[in-house]
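Novice: Numbering-wise (the numbering used here), the sequence shown opens with residue 53 and increments by one.
Keep in mind the hints are simulated off the structure, nothing from the lab.
Careful: at least some of the hints might be erroneous.
[Unchecked claim] With a cut-off of at most 25 angstroms between alpha-carbon atoms, the simulated DSS-like pairs for lysine-lysine come out as follows:
(1) K428 <-> K317
(2) K57 <-> K98
(3) K263 <-> K317
(4) K57 <-> K70
Since the model is a prediction, treat every value here as computed from it, not as a measurement.
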Amino acid sequence: MPFKKITDWLSRSGSIPKSFEVITDDRNDCSDVASACKYTTVAMAKMLTDGPNLDHLSLEYSGTQCFRNLVETFHISKAFSGSRTRPWDTVRSLSLKFRTFWSEPPDPSASSFLHIPSSVTSLHLHLPPLGIEGRPASMTSTPLHLPPDLLQRLTSFSIHCDWDGLQVSTALTHCQNVEDLTLGFGGLVPFTDLNDPSSYSFSRSEIVLPKLRTLRFRSLSPHNLDVFSFLTTPVLNALDIHFSIENAEDRLDSGQFDFTENIHKFIKKRSKCEDTFRSLSIRSAYSTAWELIQLVEGLPSITSLTFADIDFADDDSILFYHNRPTGLPRLETLELLEVSRPDFFFQGLMNFVKSRQPPPSKDGKVAFDQPPDSLKQLVLTYRPEPHVLEHGHDVSENVERLRRVYGVSVNIGPLLFSNA
Numbered sequence: 053m054p055f056k057k058i059t060d061w062l063s064r065s066g067s068i069p070k071s072f073e074v075i076t077d078d079r080n081d082c083s084d085v086a087s088a089c090k091y092t093t094v095a096m097a098k099m100l101t102d103g104p105n106l107d108h109l110s111l112e113y114s115g116t117q118c119f120r121n122l123v124e125t126f127h128i129s130k131a132f133s134g135s136r137t138r139p140w141d142t143v144r145s146l147s148l149k150f151r152t153f154w155s156e157p158p159d160p161s162a163s164s165f166l167h168i169p170s171s172v173t174s175l176h177l178h179l180p181p182l183g184i185e186g187r188p189a190s191m192t193s194t195p196l197h198l199p200p201d202l203l204q205r206l207t208s209f210s211i212h213c214d215w216d217g218l219q220v221s222t223a224l225t226h227c228q229n230v231e232d233l234t235l236g237f238g239g240l241v242p243f244t245d246l247n248d249p250s251s252y253s254f255s256r257s258e259i260v261l262p263k264l265r266t267l268r269f270r271s272l273s274p275h276n277l278d279v280f281s282f283l284t285t286p287v288l289n290a291l292d293i294h295f296s297i298e299n300a301e302d303r304l305d306s307g308q309f310d311f312t313e314n315i316h317k318f319i320k321k322r323s324k325c326e327d328t329f330r331s332l333s334i335r336s337a338y339s340t341a342w343e344l345i346q347l348v349e350g351l352p353s354i355t356s357l358t359f360a361d362i363d364f365a366d367d368d369s370i371l372f373y374h375n376r377p378t379g380l381p382r383l384e385t386l387e388l389l390e391v392s393r394p395d396f397f398f399q400g401l402m403n404f405v406k407s408r409q410p411p412p413s414k415d416g417k418v419a420f421d422q423p424p425d426s427l428k429q430l431v432l433t434y435r436p437e438p439h440v441l442e443h444g445h446d447v448s449e450n451v452e453r454l455r456r457v458y459g460v461s462v463n464i465g466p467l468l469f470s471n472a
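Please model the entire structure based on the sequences and the hints provided.
Specialist: Structure below.
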């Protein structure tokens, strides 16, 4: 697209922070170092040197060579631009995704990551997966040269990596100012070198994130719950876990792993962050209802709780029929998302909400003898079903009573139909 069309389009947003995204295909990659780069075009070079200031820049390449060509071009052009500030020099948020090829040089001083502008405080990095055909079976010695000064100034860091080495754990030791961290995995937890037993003690003793407020795990295998013993987060506020269960065997095996114990040890003993911990989100887990009850009742400081796409190994109806109202004394928001069936413990859920406070009736009038309960919002949504279903309960009457009498905002999602 011509440079002028791009800038004209972006100018329509006025003073709103601007984003620019480039996604290349695999047909014209720069895996051949000697070949000319197809993607360091005149329009792109002008965009990042003469275009409007950018808040976020997203670059997706097949391999690292295109990015190296790009930053080397900027490095050379800096000598000719003098003191003039370019859009490249003011980017706050940078996203880099490499789908297939990785060619980071052994020498850290030759790394293209050295040229990431000092303005970047938010970095999203997606590395090529381990299982690509033609790639080595192990990536323990593959270099990843993220400059310590870059990592030290980050307040937000996201890295998706399934390499079996110390690259990620080494990088995290420098993230002393990170407040928002996302760790995406494949089949392995990339905090240890399987060929070096001493790496386990290194990981467990060194990764302290003193300012971290939000921690997200993506594609976490049930086999890798020991990841919680690698991190210390003394002021953590929110924990968001998205499990990865790829096949039926993995689903069955996952029931053998007690993530409740791992999370409790991480919050209470290793990080000692109960005073600041407020939000828990669990997605795509295979669990028993009893385990979830023990999980949340062991974390009484929670104000926001989300269970999404949960498959239960036992009777899910006990989740709220048997849960004590005192188990979550500070709970303000409860979200149950992608529920598997429309009659999913609905009455038990309603009873749970109501039991948190005695009926507000006194001499025939609406009046509370106790302070209002902390719960303010309830959200319930369903998975798409292969055929049209109807709610087996009177939703509207219960919702209206919870809203009018108990002051709880209730959002019940529709029953979705899928012909898949």
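Novice: Hint by hint, which ones does the structure fall short of?
Specialist: 1
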